[in-house]
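Given chain A, put chain B in place with the hints provided.
Number of protein chains: 2
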Amino acid sequence: MSTPAAGAPDAAPHDSLSRFYSIIPAGGIGSRLWPLSRADAPKFLHDLTGSGSTLLRGTWDRLAPINGDQRIMVVTGRAHRAAVESQLPDLADHNVVLESEPKDSTAAIGLAAAILRRREPDVIIGSFAADHVIADQRGFGRAVKEAIIAADAGYIATIGITPTEPAIGFGYIHAGGKLGIADAPNAMAVTEFVEKPALKTAKRYVSDGNYLWNGGMFIARADRLLEQLGESRPELLAGLEELAEAWDTSRRGAVVDAVWPRLEKIAIDYTVAEPAAKAGRLAVVPGDFDWDDVGDFASIAKLHAGGRKHDLAILGENARVLADASSGIVVGNGGRIISLIGVKDIVVVDTPDALLVTTTANAQRVKSVVDALKLSGRSDVL
Amino acid sequence: MSTPAAGAPDAAPHDSLSRFYSIIPAGGIGSRLWPLSRADAPKFLHDLTGSGSTLLRGTWDRLAPINGDQRIMVVTGRAHRAAVESQLPDLADHNVVLESEPKDSTAAIGLAAAILRRREPDVIIGSFAADHVIADQRGFGRAVKEAIIAADAGYIATIGITPTEPAIGFGYIHAGGKLGIADAPNAMAVTEFVEKPALKTAKRYVSDGNYLWNGGMFIARADRLLEQLGESRPELLAGLEELAEAWDTSRRGAVVDAVWPRLEKIAIDYTVAEPAAKAGRLAVVPGDFDWDDVGDFASIAKLHAGGRKHDLAILGENARVLADASSGIVVGNGGRIISLIGVKDIVVVDTPDALLVTTTANAQRVKSVVDALKLSGRSDVL
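Line order of the protein sequences matches chains A and B. The numbers in the working numbering rise by one with no breaks, and the one at position 112 of the first sequence is 99. The numbers in the working numbering rise by one with no breaks, and the one at position 233 of the second sequence is 220.
Only chain A is shown next, with the shape it has when bound in the complex (with noise of 0.2 Å):
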C-alpha cells in the first residue's frame, strides 16, 4: 500500500457517498456504567439520555439518514441479537453479523468490512460505536461526508472532536497539516495518537488548538483498511477473510467455530490507526459537534444537567425519587421509593439485584468495582 498523493482521490468524489456503508459494533458492556450496564444489559440498549431511545437506537437514527437503512451493518454478541433486532426493526438479516465470543474491536470492524468488500469491491466503510451521544446530527452528517470523500482518496479517515474541555477520559488525536483533498477542505494528517492524558497535558492539548478527541470513528474504503490491518497483523486478517469468504455460504456456522475463538483479541486503535497515523495514511476531520463517550455516571449526569451545577438528574422509567437538598444522578429502575437527604453530586444506582452508591467524582472507579465482583466469582450481577 502506497501513501495516497494529496489531492489525487482514487475515485470521483460524487459516487463516494452512494458506495458507504456504516457499520455499528455493539459489543462493549460498559463496565463504569455498572449495575445499570451489564452483560445481559450492556450499555447500548440503555436510554441514558433521557430522550426515550436506546443508544443504539440514537446511533442507527444518525446514520440511516447518511445512506439510507438498508446500508448499515450491525456486528454484536448472539446473546444480543433478539434486543438488537427489536430496536432496529429496519435491520436487514444480511446485515447482522453476530459474535459467538467478544474479540475486541478489530475483529468485529474487520469482519465487517471483509464481508461487505467481497459483496461491493469498492465498498467504503465508517465504524461508528454503538453507544455515543451527538445531539447535532447536521454536524455529524457533515463530517461524515468530509471523511467518505478523504477515505475515497486512499486515507483511512477519521473524525476528531473539537474539544470543549481538558478531558482526561477520552484519547487525543493530534492533527497536522490540511491534505488539501478536493471537496474535503477540512482533512488534516494525523501526526499521532495520544491515550487518556493526565489533567496537564490535556490542558496543553487544548490550549494548543491542533488536538481533538479521538470519538473512535474510522471511515475508509474496505480494501484500504483490510490493507493496513495485513501490515501489522496478517494472522488475524487471514482468519477474517476466511470468516468472510464462507460468510454468505452454507459454511459459514462451520468455519466462525472453528475460526472465531482463535483470533487476537485487540483494539483497532493499534492494529490500523495507530500504524496508519505513523505511515502518513491517517487523515482526520475535525467534527465541530457536542459528542460524548458517555464512559461513567458523571458524564451521564453533565448530560442532564445541561451544563447546569447543582442539579439532580433522574433516569429510569419507574425512578420515584423524593429529594431535599441533593444533587448527581439517580437512576431507578427497581420501582422503589429513592429518597435523598442532603447528598451532594451522589451517583445513585438501583436495579433489582443490586445497588450502587458513590459520587461523581469517583465515577470512574467503578470499574474496580466490577472486577472485585468478577475476582469474587459474583459474575450473577454482572
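Quick caveat, the hints were computed from the structure, so don't treat them as lab data.
Because identical chains cannot be distinguished in the list, a pair is counted as satisfied if it fits within a single copy or across any two copies.
Straight line, CA to CA, 30 Å or less: simulated DSS-like cross-link-like pairs of lysine-lysine: (1) Lys289 to Lys331; (2) Lys331 to Lys183; (3) Lys187 to Lys331; (4) Lys354 to Lys252; (5) Lys190 to Lys265; (6) Lys354 to Lys331.
Predicted, not measured: the structure shown is a model, and the values here were computed from it.
Structure of chain B alone, referenced to chain A:
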C-alpha cells in the same frame, strides 16, 4: 398529695423490690429510622445493635433479672401483638395491654399503672422504653433499685444518664440537692426538665455537671403517679380509671371501644414529670451507665463504630456490601449487592420498597421525608 418528707419512706426498703412491676410501652414507630422502621415494622422490633436481639427483647432481658419475667407488662398496638409475643415467649397474657390506636405515653403508661394498681394497690411501677440501648446491665440494675426505693419513699423517680458529650438530640434533667433517702443515697431533687437544647447550651450543661440526660424512665408508686396525673389531667385520668376498672372483666372490649378513642394524646413528660418537678416531687437517680435512644442512623453508626471514626457499620441479615474508601452505615434487608465507592459518613438504608441515601450529619432530617411521603399519600411505604 403532699410533698414527701425527705428521709421518711412510706414503706420499709427491703420489701419495695418485690412490689416492683416493669412496664414497657412499645409504641413509637421511629420515623427518623425510616425506611427501616415503619408502621408495620417499628423500631423496637429491629436489631439495631447487631446483638442478634431486637431492641424490645433487649429491654425485656434487662428487666427480667430485676424482678422476674412474670412482672413485666407490655403496652403495644393491636397490629404488633403477634410480633411482640413471638419476641417475648415468656410474656404472660395478663401482662399484654393492647392499644386500639396510638395515644402517646400518658395513656399507655397511665393505663398500665391503673390496671396494676387495681391488682396490687401498693405496686411500684417502672416504665422503660422498648427501643433504647443499654449495655451495662449491672449499672442499670443498680440505678433502677435505687429509684424503686426513692419511689417507695413517695417520689416520682427518674433515672438521669451522666452525659458523655453535649448531645443535642436528648432532653436534660437539672439535678438539685441530695434528698437523703435511706438506701437511695444518690437520689436528688429535680429542679427542671429541659427539652433538646442548642449545642451551646448543651455544652454549658455538660460542663456544669448538674445536668443529666433524660432517659425517659419513670419509677413511681402507681397511686402516686396517677394522683399526680389527676392534678394536671383529671379527665384523662378518669378515662384511664374507667378502662382499668373494666380491664379484668368481660366488659373490657366495650369500654375500650367507648373510652380509648377520646383519650387525650399527650406525652407523660408534660402530664406527670414536669408538674411533679415543679411540685418538688420528682427525684432523679444518676445512671452512670451507657445509654442511647438510637434515635437516628447516625446514632446507630456511632454505636457500631464503638467510638472509631471512619468505620462502616453494616446491619441486616442478608447485607452483602462491597465498600471502597467509604464510611458511615449501611442497612441492607433487600438481599442485594450494595456497592459503595468513596462515600464518607454515608447512610444507605435498603429495603424492598424504599431506599434512603443520606449522611450521618443529615440523619435527623429523615423524619421530614416521612412527613413528605405522608402528605403525598405514599403511606404504603411508611
